[in-house]
Amino acid sequence: MVDDVLVIGGGVAGIQASIDLAGRGLKVYLVERFPSIGGKMAQLDKTFPTGDCSICILAPKMMECFSHENIDVLTHAEVKGVSGNAGDFRVKILKKPRYVDEEKCTGCGDCVSACPYINLPDEFDMALRSRGNIFIPFLQAVPRVVMVDREHCVKCGNCQVICDAGAIDLYQKPEEIEIHVGAIIVACGFDSFDPSGIKEYGYGRYKNVITALEYERLVCASGPTGGHLDRPSDKKTPNSIAFIQCVGSRDVNHNPYCSSVCCMHATKEAILAKEHYPSMENYIFYTDMRAFGKGFQEYVDRAKNEYEVRYIRSKPGEITEDKETKNPVIWYDDTVTRQVKRLEVGLVVLCTALVPSKGIKELADVLGVELDKNRFFKIADPLYAPLDSSREGILVCGYCQGPKDIPEAVTQAKGAAARAAEVLACLGA
Amino acid sequence: MSLENIVNETKAYYCLECGKCTGSCPISRVNKGYSPRLTVEKALLGFDKELLADGGIWSCMTCNLCKDRCPSNVDYTKFIRYARAEALKTGYTGNCTHGGVLSSLMRIMGNPNLKQDRLGWVSDNLKISEKGDILYFTGCLPYFETLFKDIGVNSLDIARSTVKILNRIGIKPVVMPDERCCGHDLFWTGDLENFEKIAKLNVGLIRGTGAKKVIFSCPECYRTFKQDYSEYVDMDFELVHISEFLAEKIDEGKIDFGSLEEDVTYQDPCRLGRHLGVYDPPRKVISSIQGIGLIEMEHSRERSICCGTSTWTNCDRFSEQIQKERLKEAKAAADTLITACPKCQIHLSCAMKSKTPIDEVKIKDFSVLVASAMGLGDDP
Chain A
1 MVDDVLVIGG GVAGIQASID LAGRGLKVYL VERFPSIGGK MAQLDKTFPT
51 GDCSICILAP KMMECFSHEN IDVLTHAEVK GVSGNAGDFR VKILKKPRYV
101 DEEKCTGCGD CVSACPYINL PDEFDMALRS RGNIFIPFLQ AVPRVVMVDR
151 EHCVKCGNCQ VICDAGAIDL YQKPEEIEIH VGAIIVACGF DSFDPSGIKE
201 YGYGRYKNVI TALEYERLVC ASGPTGGHLD RPSDKKTPNS IAFIQCVGSR
251 DVNHNPYCSS VCCMHATKEA ILAKEHYPSM ENYIFYTDMR AFGKGFQEYV
301 DRAKNEYEVR YIRSKPGEIT EDKETKNPVI WYDDTVTRQV KRLEVGLVVL
351 CTALVPSKGI KELADVLGVE LDKNRFFKIA DPLYAPLDSS REGILVCGYC
401 QGPKDIPEAV TQAKGAAARA AEVLACLGA
Chain B
1 MSLENIVNET KAYYCLECGK CTGSCPISRV NKGYSPRLTV EKALLGFDKE
51 LLADGGIWSC MTCNLCKDRC PSNVDYTKFI RYARAEALKT GYTGNCTHGG
101 VLSSLMRIMG NPNLKQDRLG WVSDNLKISE KGDILYFTGC LPYFETLFKD
151 IGVNSLDIAR STVKILNRIG IKPVVMPDER CCGHDLFWTG DLENFEKIAK
201 LNVGLIRGTG AKKVIFSCPE CYRTFKQDYS EYVDMDFELV HISEFLAEKI
251 DEGKIDFGSL EEDVTYQDPC RLGRHLGVYD PPRKVISSIQ GIGLIEMEHS
301 RERSICCGTS TWTNCDRFSE QIQKERLKEA KAAADTLITA CPKCQIHLSC
351 AMKSKTPIDE VKIKDFSVLV ASAMGLGDDP
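Note that the protein sequences, when read in sequence, are chains A and B. Reading the first sequence from the start, the letters are residues 1 to 429 in my numbering. Reading the second sequence from the start, the letters are residues 1 to 380 in my numbering.
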């Protein structure tokens with residue numbers, strides 16, 4: 001019987017759950033697959049409906065979590081095996097090599113500039129920027145430790161020569177760690193749906209059709225363009241942007257559920273475009289406007305009235321491209337005026353479905369918990385045990401158990417932390 | 001079937017009224033009065049009479065573009081088919097083109113005692129059998145030949161080329177002297193009574209030849225046998241489109257192509273492409289011809305645009321607009337357009353002859369192209 005807790009996933013929910021548990025004096029292991037904690041929230045420019053800078057409100061939490069004496073943060077690591085029962089789980093964790101000694105690396109970045117091969121797509125910036133074979137995951141990464149992409153590294157040794165700390169170890173081996181915990185909290189988040197299968201929208205075929213997460217990086221001051229909306233085809237600012245809702249969500253051919261945040265993030269993204277460029281024309285193509293949360297409807301009203309965002313009730317049939325200008329052309333049935341119309345814009349942003357994160361099935365198998373029909377984690381009971389998974393002692397919170405926005409994910413994380421403590425107390429830990 | 005049942009059968013009640021169908025529809029783009037979304041809404045709101053009297057239901061090409069994109073999986077193509085059958089009962093029908101001769105012909109085919117002279121086109125150099133394992137189903141080609149010669153379409157060239165190709169690879173296909181039209185157009189215009197007669201006649205005739213495999217050059221016949229006959233009659237033979245058959249023979253190394261220096265583009269027939277998911281075999285065959293450059297049109301494969309009209313009904317200026325747009329797309333890709341459906345060839349060739357001329361696109365059938373690449377082109 002132990003009262004340590006494992007938290008899987010270092011996004012905002014996992015971070016919050018870890019901080020809460022650590023604050024109670026419990027020992028926490030936080031395992032994150034990516035080389036930095038922060039999750040999807042770190043990639044967003046602003047949050048809705050308050051317009052807060054996303055990384056500015058998240059970064060202090062990331063630091064608090066990482067530096068907390070009761071939290072052991074394991075990045076670039078995956079949970080590979082779980083045995084035992086609530087109160088007594090044995091967990092195998094694979095710590096993948098980053099080919100850099102985390103203790104020694106100071107995050108100075110000298111090695112990053114010394115790498116002669118800078119042509120790989122940067123994952124964090126949605127491939128809108130190139131990175132080298134040795135890189136810091138992103139500007140505000142925690143831990144701020146470089147990592148080597150050994151798949152592409154040619155072992156020229158430049159980074160080793162320049163590193164004063166002697167932190168680079170190109171022959172680092174994967175490490176298997178076994179821990180003993182009493183409860184597990186899963187907060188492994190979501191991924192953005194790949195819209196290239198929706199052929200009629202031309203993602204992947206037309207350069208100026210991008211996804212909302214790509215747009216977030218474009219419009220972000222610390223993003224690849226420094227916040228300038230340089231559209232992919234010619235690096236020029238478009239005059240108009242169309243946001244298309246429900247791309248791959250509320251669609252039985254892809255994901256039948258509503259992703260729950262897109263109406264609001266599109267509204268925010270349109271407002272941001274207008275704030276950056278006062279002459280920008282913004283269109284939001286929606287199926288049904290779902291502005292249900294606190295302050296949401298007012299936010300949409302402001303977008304309409306103060307920022308001149310035009311909301312069009314229609315799911316476009318098709319996007320084509322003007323061959324000369326590379327402008328996307330949207331063909332749609334305006335369901336209010338009942339007319340088929342053509343709208344040429346400078347940039348199209350597809351607000352894609354948010355789907356269970358890659359590898360959720362494998363993780364569920366390792367944990368011995370069930371998924372629901374949409375491949376989110378199944379909860380024991382929506383009313384009486386909304387944070388319990390199908391297995392005792394394993395709790396689920398945030399987007400990985402169903403669509404929700406940031407505040408709701410944080411609320412659940414706090415609930416899951418309290419519930420974990422409760423489970424442990426009941427077991428007599 | 002009552003409209004209420006049609007709504008239930010096609011799951012139209014799941015419609016979100018999002019407009020993706022109408023935004024996709026090639027007809028709605030040119031004909032402001034036609035909207036799949038509003039057609040479904042009429043049914044959902046109980047405007048039965050208005051819906052059945054709406055000429056628009058006869059304009060639908062049933063090309064499946066909207067069906068495939070519908071986020072709620074409403075089967076609009078089926079919806080239209082059922083609505084037409086219901087409208088027909090109520091006395092409404094579409095505008096039959098060509099003086100209704102084609103629909104009359106099809107109905108005549110239901111007569112079991114019909115005597116046809118169907119094999120006049122089989123010249124001495126073409127080897128066919130009365131009985132055998134492999135049967136070639138020619139469909140309406142002999143009739144199309146007579147009707148559409150004036151627009152420069154020789155539909156029987158498709159049949160001749162197909163037989164020549166099969167002969168070259170050592171097959172003497174069965175070609176039936178008393179074959180019936182497959183009934184596709186009757187099925188899609190709601191005449192299910194005659195359709196059933198034809199389906200049973202055809203399957204009986206094929207059984208009589210002992211054929212184990214039936215090859216089609218027409219995607220409409222292929223779809224009809226594959227998806228629609230089974231409701232009415234059991235079949236114990238394999239069905240295959242000539243492009244699939246040839247793609248397989250290429251893999252087996254049984255086809256020798258000469259060289260054809262030509263850039264071509266390819267029109268996916270809606271029945272072959274979206275209805276049956278056959279996109280790759282025709283492309284594979286065309287690309288296997290030495291010297292040929294296959295250049296895709298802006299709209300190809302799943303996004304392909306239909307040839308403008310279907311079932312010889314409601315062919316109008318909107319159809320012509322769609323056809324001309326399609327021909328422009330073809331021209332932007334290559335000078336030669338390969339069609340794999342005799343109706344695509346007829347409809348697009350007809351648009352080429354319209355009063356307001358457009359840039360010349362050579363339209364060639366798939367089998368005819370393959371035959372000439374195999375050096376079989378110039379025989380009579």
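Hints are not guaranteed to be accurate.
What the hints assert, rightly or not - Label-pair distances were calculated between CB atoms; the ranges are: (1) A/Pro256 with B/Gly91: 39 to 47 Å; (2) A/Arg302 with B/Tyr13: 46 to 54 Å; (3) B/Gly46 with A/Asn253: 24 to 32 Å; (4) A/Asn253 with B/Asp234: 50 to 58 Å; (5) B/Glu238 with A/Pro256: 30 to 38 Å; (6) B/Tyr14 with A/Ser196: 46 to 54 Å; (7) A/Ser196 with B/Ile250: 26 to 34 Å; (8) A/Val336 with B/Gly55: 23 to 31 Å; (9) B/Glu231 with A/Arg302: 50 to 58 Å.
Hints listed in this document are in silico derivations from the structure and should not be mistaken for laboratory results. The structure presented is a predicted model; accordingly, all values stated were derived computationally and were not measured. A virtual CB, placed ideally from N, CA and C, is assigned to each residue, including glycine.
Each hint, compared with the structure:
1. A/Pro256 with B/Gly91: 39 to 47 Å: Holds, at about 40 Å.
2. A/Arg302 with B/Tyr13: 46 to 54 Å: Violated, since A/Arg302 and B/Tyr13 (Cβ atoms, about 36 Å apart) do not stay within the stated range.
3. B/Gly46 with A/Asn253: 24 to 32 Å: For B/Gly46 and A/Asn253 the Cβ distance comes to about 28 Å; the hint holds.
4. A/Asn253 with B/Asp234: 50 to 58 Å: Distance hint for A/Asn253, B/Asp234 is violated at roughly 32 Å.
5. B/Glu238 with A/Pro256: 30 to 38 Å: Given a distance of about 36 Å, which is inside 30 to 38 Å, the answer is holds.
6. B/Tyr14 with A/Ser196: 46 to 54 Å: violated, 26 Å
7. A/Ser196 with B/Ile250: 26 to 34 Å: holds, 29 Å
8. A/Val336 with B/Gly55: 23 to 31 Å: holds, 25 Å
9. B/Glu231 with A/Arg302: 50 to 58 Å: holds, 56 Å
Going through the hint list in order, the structure does not satisfy hints 2, 4 and 6.
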